[in-house]
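> Chains A and B are the protein sequences, given in the same order. If you use the working numbering, the first sequence corresponds to residues 63 to 638, in order. If you use the working numbering, the second sequence corresponds to residues 37 to 187, in order.
Treat the hints as calculated values from the structure; they're not laboratory data. Each hint should be verified, as a subset may be incorrect.
[What the hints assert, rightly or not] Residues of chain B clear of chain A, computed beta-carbon distances all greater than 12 Å: (1) ALA130; (2) SER135; (3) GLY145; (4) LYS155; (5) ASN157; (6) VAL159; (7) GLN160; (8) GLN162; (9) LYS176; (10) LYS183; (11) LYS184.
[To be verified] Below are the EDC-like pairs computed for lysine to aspartate or glutamate, each with C-alpha atoms no more than 20 Å apart in a straight line: (12) LYS176/B <-> ASP140/B; (13) LYS142/B <-> ASP161/A; (14) LYS142/B <-> ASP385/A; (15) LYS142/B <-> GLU297/A; (16) LYS142/B <-> ASP153/B; (17) LYS155/B <-> ASP140/B; (18) LYS183/B <-> GLU158/B; (19) LYS184/B <-> GLU158/B; (20) LYS142/B <-> ASP173/B; (21) LYS155/B <-> ASP161/A; (22) LYS183/B <-> ASP173/B.
[As the list claims (entries may be wrong)] Now the stretches of chain A that chain B is said to cover, found in silico as 3 or more residues with beta-carbon under 8 Å: (23) 161-170; (24) 392-399.
Built from N, CA and C at the ideal position, the CB exists for glycine as well.
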Amino acid sequence: MRARACALALALVTAATPSGAAELGFVYVRANVGGASGGHAALVAGGSVFHVQSGADGLVRLTRDGWDHFRYLYADLQNRPLEVAFVALAPESRQRVLDAPPRLYVQQEIALARRDEARDDVSWLEAWRDGRALPELAGAGLLAPERANDADAAALRDRLGAPLAELTRAAQSELARASTGRLRELREALGLREAWLALDAAWGLDPRALVALPPELDPPLDDAERAGLEARAGELERTLASLLRSNRADRGPGLLLAQARYLAVRRSLRENRLVLLDPFEGAPRMPVDELEMSASAHASAVAHAAAVARRVRAEVLAPTRVDEPGYTVLEEAGGMLERVASARDLGALFDLGRRRLPARGRSVEAIEPTGDRDAALRAAQERFAAAERALDERYAYDLFRRNCITELVRVTDEAFGSPEGTAAALGGRIAPGEIFGFIPFVFFDAVRGRLRVARVARVPSHRERELARIAREEPGLWPRVRESTTLLSTVYEPLPRDGAFLLFTDDVFWRRPLYGLANLAWAASYTAYGVAAAPFDRGARARAGLSGVFWSVPELVFENVRKGSFEWVSTEAAPP
Amino acid sequence: MHTSRALLLGTLAATLLTSGCQLISASITSPSDSVSGTGHAIGGSSESISASSGGKSDADKASYANDMREYVASFVRSGGATSAFAPGATRIAATHGISNWEADPKTAGAIGAGLADAKQNEVQAQAFCSSQGFSSDLSKQVVSAAKKNAS
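Isolated chain A, as found in the complex:
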């Protein structure tokens, strides 16, 4: 049933259109408690979703997602129904809209890179000033100097036959010429020096850079996989040879990664089990303290993650397939499976909309470059502050002026160069900055009312789908009563982040104020209980109670925001 619903949802989004026409979907994600409590919006076309989110750094970010991933996060886990208004437009107009998000993304990446470089300069200069270890160099922690003379690494070095001693001397000369005003170049030279040293001294893998899978999730390699890994090893040798010939000053981390991947592949073949670098090791993560799901849900999640990893493994290790992005996904699947199975470090798994290369860092020795350190530090701090200001001016989140809706409107509007161009292409126009235009449902009303909407599709939330299933399988009054309350529901398990509430109000209308009153009374009582329990739960229940009170208020005037959410929703997207 669920597979059918997902297939239908996808079909709704990717459906073919009459000849010569194209469609662009405007997605409205309904409100719920938590992030994007007022709702959310996105553009969808060809299975890709573009939407704008804001992070705790206060900046809006353009996110590109697959439709399945987007639907799973919002319709399943966050339990929000989605509505998609498809606007009919010319194929070239659709392409102009789809070209706009990469432009915004790249411009933001350039600004972020400028900020990050200035921040790195400050960190390195401060480390020298304070006599601390230097910040970690990306990729240097994949290999371990103390594991020199590794047999596979030595064989690789001999086959490559590169003038490594000469290259190392060249990198050292570059380092000697470094100054406090050229710290990026210094870091690049350090990366190259580490890469040449690693090759020359045949450093082995650092065990901390590897994924550690439990044996039951780590089956032996089959013949096809062994052939695929042999092909991969050959490709990695070619990559190393290509990087040796390259003139790129920043290729140090790439060389270190290619060597580490080569050694992981060789070890896989020797041990007849898959050895992978961990792309999440050393990467930024969101703090997640503990697993917030039942043991049975966790078991389902592990089984699902294992099924996904098996499928990725079979696809990526096909002997004819040697593309690097695929191998990166395989490493991500391994890192994910390890974390899901062990229920540790789950915060590293957030936001996989973009790929992540293994880049475990290590602090390396470097002599402080010549130049006035204090002056260089002041200049770097000023560059950093200026880069932060520039980012704030262009990308700082503002509920009314720059949020997920306003940026989506801007991206769409700017794609056509003029208001007239927008109106001609979409059949109408939603101007940036309209009053109440920052509110998702107002925006969606405008889409439906003003643009050339050919059809509107609805993707039900997880609970809605489950209620429909129960209605079919268990007709009668009692199942409906049972599922209307959080205390008895077989679909929903109360979560602190949803706040305390007693009755669902998203599927009723005239009874909503009455239910809201009951929810208000329940949440108020729960708050009192929470206050008494505060010494034992650090106020968690009291906070849930207060949240429950707050989100009951709209229900008194017929509005529903709170719908409940889920920690885990089983998916049949992966094969069993």
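Given chain A's structure and the hints, the job is docking chain B onto it.
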């Protein structure tokens, strides 16, 4: 139309400044109740990886090339320092799981198209390749792609 609903939700939204369209992201540095569910991490990452393993969709194939094309065009238009090009390209490529972008089959076409978008003629495209120290093979492919996209 819907003014009362707009006022109501607008007020609610204004009250909850922290509940905007928050990012489900590793870049978040402080806890956020709204997105900290472990199910988001487990289920979201599984779905993302599952969808990406094939890398077969047109969108996946085009995504790297589009981003690199936009990067090149933006870089050239803004007159960025020569030495800053490669780190930016490396950063863009890494988000697509590519470390050795010079050797990726889609790179030359994307750089050439980006140069064409930035109105670079054949001589300028060649000069760009030389300034970046591209290999002769990559340079030829880039210049050819720039010419093709300019016409």
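> Are the hints correct? Go through all of them and say.
Right, here's what the structure says about each hint:
In this structure ALA130/B is not separated from chain A by more than 12 Å, as the shortest Cβ-Cβ distance comes to only about 5 Å. For SER135/B, the requirement that its beta carbon stay farther than 12 Å from each beta carbon of chain A is not met, with the minimum near 4 Å. GLY145/B, annotated as away from the interface, keeps every beta carbon of chain A farther than 12 Å; the closest lies near 15 Å. At the 12 Å boundary, the C-beta of LYS155/B stays outside the reach of chain A, the nearest C-beta of that chain being 16 Å off.
With 12 Å as the threshold on Cβ separation, the claim that ASN157/B sits away from chain A holds: the shortest Cβ distance comes to roughly 23 Å. Against the 12 Å criterion, VAL159/B stays outside the reach of chain A, whose nearest CB is about 21 Å from its own CB. Distance check on GLN160/B: its Cβ is at least 20 Å (rounded) from any Cβ of chain A, clearing the 12 Å threshold; non-interface status holds. Every C-beta of chain A lies more than 12 Å from that of GLN162/B, the closest at about 16 Å, which supports listing it as non-interface.
Distance check for LYS176/B against chain A: the nearest CB is about 16 Å away, which clears 12 Å, and the non-interface claim stands. The Cβ of LYS183/B lies farther than 12 Å from every Cβ of chain A, with a closest approach of about 21 Å, so its non-interface assignment holds. Annotated as non-interface, LYS184/B keeps its C-beta farther than 12 Å from every C-beta of chain A; the closest such distance is 18 Å. With a C-alpha separation of about 15 Å, the suggested pair LYS176/B and ASP140/B falls inside the 20 Å cut-off, and the hint holds.
With a CA separation close to 17 Å, the supplied pair LYS142/B and ASP161/A stays within the 20 Å bound. Simply put, LYS142/B and ASP385/A have alpha-carbon atoms about 12 Å apart, close enough for the 20 Å limit, and the pair holds. For the proposed pair LYS142/B and GLU297/A, the alpha carbon gap of about 17 Å is at most 20 Å, so the pair holds. Taken as a hint, the LYS142/B and ASP153/B pair is honoured in the structure, with Cα atoms around 17 Å apart against an allowance of 20 Å.
At roughly 24 Å between alpha-carbon atoms, LYS155/B and ASP140/B are farther apart than 20 Å, so this suggested pair is violated. For the suggested pair LYS183/B and GLU158/B, the alpha carbons sit about 7 Å apart, so the restraint of at most 20 Å is met. The suggested pairing of LYS184/B with GLU158/B holds, with an alpha-carbon distance near 10 Å, which does not exceed 20 Å. As the CA atoms of LYS142/B and ASP173/B are separated by approximately 14 Å, the hinted pair is consistent with the 20 Å bound.
A hinted pair counts as satisfied when its Cα atoms are at most 20 Å apart, and LYS155/B with ASP161/A qualifies at roughly 18 Å. Distance check on the hinted pair: LYS183/B and ASP173/B sit about 16 Å apart at the alpha-carbon level, within 20 Å; holds. Coverage of the stretch 161-170 of chain A by chain B holds. Counting CB-CB distances below 8 Å, 6 residues qualify, and the rule asks for three or more. Counting residues of the stretch 392-399 of chain A whose C-beta sits closer than 8 Å to any C-beta of chain B gives 4, which meets the bar of three, so the coverage hint holds.
The structure is inconsistent with the numbered hints 1, 2 and 17, although it conforms to all the rest.
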